[in-house]
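Enquirer: What follows is each chain in one-letter form.
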Amino acid sequence: AQSVSQHNHHVILSEAASLELGCNYSYGGTVNLFWYVQYPGQHLQLLLKYFSGDPLVKGIKGFEAEFIKSKFSFNLRKPSVQWSDTAEYFCAVTSVIKAAGNKLTFGGGTRVLVKP
Amino acid sequence: EAGVTQFPSHSVIEKGQTVTLRCDPISGHDNLYWYRRVMGKEIKFLLHFVKESKQDESGMPNNRFLAERTGGTYSTLKVQPAELEDSGVYFCASSPVTGTVETQYFGPGTRLLVL
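These protein sequence lines are chains A and B, in that order.
FYI, the numbering for the first sequence is 425 to 540, going by the numbering used here.
FYI, the numbering for the second sequence is 6 to 120, going by the numbering used here.
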């Protein structure tokens, strides 16, 4: 069975600091990888995704993530955060096998608080 | 384009009562998913519809949960009878069917509290 682990439950940092959120997954086959974000009072929205190709993917709002297959990792980064990046961030995977039905397996989420 | 909508936004019920949650996917999206987040835990898959057919219901916790998608448009998730451990946020998501993996678009969720 798939599982996803996010290393930090809570992160507090100041504006302009760099952010890196860890994500590791466990699965024997090939996966598609996602980062979703939930801003306060809003619903989950996609930040970025990796299906194939360049392992460094860029998403919205200046976020990027790097897929390292050998480490089963898909860490999220942003060089300089803003107060508006305060949110909960979720890493998720799906199997590329069509029969698996594309259901998302989520990590536990990381709450990020950016202090102004 | 309207997003995924869910109703109600909040529901507070007593143990043993019945609650029905509704999800309206994005128009034209054949895939519809239900997920749940129990407090302090990760978001977990419940089931997946393709049009009106249940593609995968492996995440449904037990037979107190019944999901339907008659006509392949909106979906309902009924919990009967509700138990304390059913409290959490129930998310719905939809995606189009293209033969490849697609981004799932999430609704705002329904917060269910069972007292």
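A portion of the hints provided could be inaccurate.
Stated by the list, open to error - These stretches of chain B come out as covered by chain A in the derived footprint (C-beta under 8 Å, 3 or more residues):
| hint | stretch |
| --- | --- |
| 1 | 36-43 |
| 2 | 48-58 |
| 3 | 111-118 |
Note that these hints are calculated values from the structure, not bench results.
In this text, a Cβ means the ideal position worked out from N, Cα and C, and glycines have one as well.
Enquirer: Give a verdict on every hint.
Expert: A quick look at each hint next to the structure:
For a cut-off of 8 Å, the count of residues in the stretch 36-43 of chain B with a CB near a CB of chain A stands at 3, and the three-residue condition holds. Here the stretch 48-58 of chain B counts 4 residues with a CB under 8 Å from a CB of chain A, which clears the bar of 3, and the coverage holds. Coverage of a stretch by a chain is defined here by at least three residues with a beta carbon nearer than 8 Å to that chain's beta carbons; for the stretch 111-118 of chain B and chain A the count is 4, and the condition holds.
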